[in-house]
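**Student:** Sequence:
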Amino acid sequence: MPTPILVKLLLQAALATLLMLMLWIGLDASLPGTVWSVMTISKSALTVEYCEFNHPQRFFHQPINTYSNLAYFFFGILILLIARHDYRNRVNRQANRLADFPLLSVLMGSCFVYLSIGSAFFHASLTYVGQRVDMNATYSILITLLGITLYHLVYRIRLSRLQQRLWVAALVAVIGLFLPLALLVPSSRLVPALILLLNAGMVMHFVQFRAQRSIGLVLLSLTLVVLAIYIRTLDVQKVGCDPYSFFQGHALWHLLTALSSFCSYWFFRFTKRRPPQLG
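Quick note: the sequence shown, position 128, residue 128 per full-length UniProt numbering, numbers continuous.
Honestly, the hints are just simulated from the structure, not real lab data.
It cannot be assumed that every hint is accurate.
As the list claims (entries may be wrong) - If you anchor each label on the Cβ, the simulated ranges turn out as follows:
#1 M39 to A211: 49 to 57 Å
#2 A211 to L46: 26 to 34 Å
#3 T233 to R132: 20 to 28 Å
#4 P32 to L11: 29 to 37 Å
#5 G216 to P4: 48 to 56 Å
#6 R189 to L166: 25 to 33 Å
#7 L159 to T34: 47 to 55 Å
#8 T34 to V7: 37 to 45 Å
#9 G216 to V174: 28 to 36 Å
#10 L10 to A211: 22 to 30 Å
#11 A29 to Q163: 28 to 36 Å
#12 G26 to F209: 30 to 38 Å
#13 S160 to S30: 31 to 39 Å
Here the structure is a predicted model, which is why all the values come from computation and not from measurement.
Cβ coordinates follow ideal geometry from the N, Cα and C atoms, glycine included.
My request is simple: use the sequences and hints to build the entire structure.
**Tutor:** Here's what the structure looks like:
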């Protein structure tokens with residue numbers, strides 16, 4: 001795919017994100033904060049976990065932390081558009097292993113959108129259910145990226161279309177299993193463990209295909225997520241905290257983790273020899 005077509009996909013994703021922003025603005029302006037009052041408040045709200053001020057009268061209790069989730073939405077739509085391209089252009093499918101498995105990109109893009117909506121739901125409502133959905137959506141991205149990594153590490157194995165569907169179904173099942181698992185293992189341990197496992201797998205795949213993969217993307221992805229964790233920690237500890245500021249540390253966490261996750265996807269989906277080609 002020529003670069004102009006990739007730019008077209010970026011513009012389409014940006015347009016979809018703009019439309020979603022307009023929808024969210026409309027919801028925040030027209031619905032009262034009391035909509036969430038029938039739901040159980042999260043521990044995060046009770047302990048004032050994040051710096052941003054809670055506006056209980058607004059539909060979006062934490063507006064900046066809510067709107068910043070559009071970063072996940074943008075990348076999710078972009079990946080779904082790439083998946084659609086892969087479905088329509090399978091002539092060159094042998095050139096890229098992920099291009100030959102567009103359903104896996106569909107799952108990846110869907111997880112980004114899931115996190116966008118799930119995290120927005122949590123920061124808008126500050127409810128227990130929202131917090132659970134937010135955390136599960138976070139795990140869904142990591143699990144899917146690990147699934148993509150494993151699929152590439154066993155590169156000698158070619159999956160049939162049926163086997164591809166079964167692999168995606170298995171990943172969805174694992175994502176579902178993480179709903180109860182998240183209650184047993186603290187996210188402060190599980191999330192870093194999954195991140196380290198993901199980056200270790202990416203390094204292993206880079207060793208397998210040095211000519212095609214970029215170690216720079218691995219380092220960039222890891223750097224972005226480490227920086228995101230650092231900023232989130234400062235936000236939780238209220239270091240340099242201004243509850244009424246337009247700039248919120250947790251909102252930056254959303255942007256950086258979205259970029260980091262997309263870098264991981266980019267590492268597998270695009271080759272180094274002909275960037276930014278698909279297939």
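**Student:** Give me the numbers of the hints this structure contradicts, sorted from smallest to largest.
**Tutor:** 2, 5, 11, 12 and 13
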